[in-house]
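Engineer: Sequence:
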Amino acid sequence: MRRRLAGPAMIILLVMIMAGCTLDADPLRSSGQASAAPDFVVGAPESAEGALLAQLYVGALQAKGLSAGTEPVGERADYLQRLREGRLALVPDHTGALLTELNPAQAASTASEVEDQLPEAAGPDLVVVKPASASAKVSFVITKATADAKQVATLDDLAKISDGTVLGGPADLPRQKYGPEALTAIYGARFASFRPYPDSAALARDLGAGTVSVGAFSGTDPVLAGDSFVRLEDPEAMVLPENVTAVGGAAIKANPTALGAIEAVHAALTTQELTVLKSQVGSGEPVDKVAAAWLSARGLG
0 MRRRLAGPAM IILLVMIMAG CTLDADPLRS SGQASAAPDF VVGAPESAEG ALLAQLYVGA
60 LQAKGLSAGT EPVGERADYL QRLREGRLAL VPDHTGALLT ELNPAQAAST ASEVEDQLPE
120 AAGPDLVVVK PASASAKVSF VITKATADAK QVATLDDLAK ISDGTVLGGP ADLPRQKYGP
180 EALTAIYGAR FASFRPYPDS AALARDLGAG TVSVGAFSGT DPVLAGDSFV RLEDPEAMVL
240 PENVTAVGGA AIKANPTALG AIEAVHAALT TQELTVLKSQ VGSGEPVDKV AAAWLSARGL
300 G
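Count the sequence shown with numbering that gives the first Met the number 0 and you get residues 0 to 300, in order.
Think of the hints as simulated: they come from the structure by calculation, not from any bench. One or more hints might be untrue.
[As the list claims (entries may be wrong)] Using 30 Å as the maximum straight-line C-alpha spacing, the simulated BS3-like pairs for lysine-lysine come out as follows:
#1 K129 <-> K63
#2 K176 <-> K136
#3 K143 <-> K129
#4 K159 <-> K129
#5 K143 <-> K159
#6 K288 <-> K136
#7 K252 <-> K288
#8 K129 <-> K288
#9 K176 <-> K143
#10 K149 <-> K136
#11 K252 <-> K176
#12 K176 <-> K149
#13 K159 <-> K136
#14 K129 <-> K252
#15 K149 <-> K159
#16 K136 <-> K252
#17 K252 <-> K63
#18 K63 <-> K288
A quick note: this is a predicted structure, and the numbers were derived from the prediction, not measured.
Could you put the whole structure together from the sequences, leaning on the hints where they help?
Structural biologist: In structure tokens:
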């Protein structure tokens with residue numbers, strides 16, 4: 000016959016079981032430190048270039064012994080607010096578009112003018128990292144077939160083909176000083192509508208198919224390689240310079256090591272290299288491995 004557990008023994012056993020269940024159910028204990036947020040959260044825009052630059056920054060920060068990771072971000076106005084609030088440390092950007100967002104009334108036209116105006120426009124809560132020589136200045140592009148058939152070579156010629164057609168480009172293009180309104184005011188181009196594209200490959204496909212008549216692409220976009228498309232000249236210098244830069248919040252401003260790591264990336268990054276890196280990512284190579292290899296080759300990773 001089995002003996003029954005005495006009252007005190009039963010109580011001790013129950014306490015041990017409950018304690019074990021509580022510890023096992025504790026998500027912090029079961030995951031250790033894996034759930035802890037990194038000290039430097041780098042915003043990764045949804046574009047391929049944005050994701051690549053974010054990984055370059057993370058790798059450079061980690062090489063300095065700093066805790067860093069990425070987090071997806073959306074439109075510029077949103078991530079600037081998150082930077083001001085300290086929820087992000089850093090986000091890759093481009094000089095002209097950033098200046099236009101920070102100061103819509105700016106009148107800069109050259110790369111040096113844009114760079115000189117950025118610190119004041121950013122204000123006390125943000126820091127703009129010294130830009131790279133790598134430039135992603137926007138190009139307006141048509142198919143070579145259209146260029147040949149309609150004799151279109153510059154933005155001055157857009158009026159010949161724009162009526163009743165669709166302009167495609169990044170979602171924030173209408174807010175830029177070189178957006179649809181500027182094309183109308185400066186060059187007389189009048190499009191029936193604008194279609195936003197987060198993916199330049201999709202824009203290139205639709206441009207080739209005739210779904211859009213003109214596309215706005217980053218100057219470093221690999222889809223423009225070859226002779227299928229023609230970049231239109233900009234005789235009035237409507238498009239602002241778009242050198243690669245990064246905008247940071249309090250965490251970057253307060254840490255010279257972190258700021259120096261990002262500046263070193265920019266000092267080494269050229270337009271040609273950025274185009275090659277984007278091509279590698281576009282061909283299917285993992286963005287983190289592409290970034291790590293580039294950093295390692297330049298002694299930054």
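Engineer: If a hint holds in the structure, say so; if it doesn't, say that too.
Structural biologist: Each hint, compared with the structure:
1. K129 <-> K63: Status holds; Cα separation ~19 Å.
2. K176 <-> K136: Since the Cα atoms of K176 and K136 sit roughly 13 Å apart, the hinted pair holds (cutoff 30 Å).
3. K143 <-> K129: 37 Å, violated
4. K159 <-> K129: Distance ~40 Å between K159 and K129 Cα, so the pair is violated.
5. K143 <-> K159: With a Cα-Cα distance of about 15 Å, the restraint between K143 and K159 holds, given a limit of 30 Å.
6. K288 <-> K136: Holds - the C-alpha atoms of K136 and K288 are around 26 Å apart, at most 30 Å.
7. K252 <-> K288: 28 Å, holds
8. K129 <-> K288: Between K129 and K288 the Cα gap is close to 25 Å, so the pair holds against 30 Å.
9. K176 <-> K143: 26 Å, holds
10. K149 <-> K136: 25 Å, holds
11. K252 <-> K176: 29 Å, holds
12. K176 <-> K149: 26 Å, holds
13. K159 <-> K136: 24 Å, holds
14. K129 <-> K252: Between K129 and K252 the Cα gap is close to 13 Å, so the pair holds against 30 Å.
15. K149 <-> K159: 7 Å, holds
16. K136 <-> K252: 27 Å, holds
17. K252 <-> K63: 16 Å, holds
18. K63 <-> K288: 18 Å, holds
In this structure, the hints that do not hold are numbers 3, 4, in rising order.
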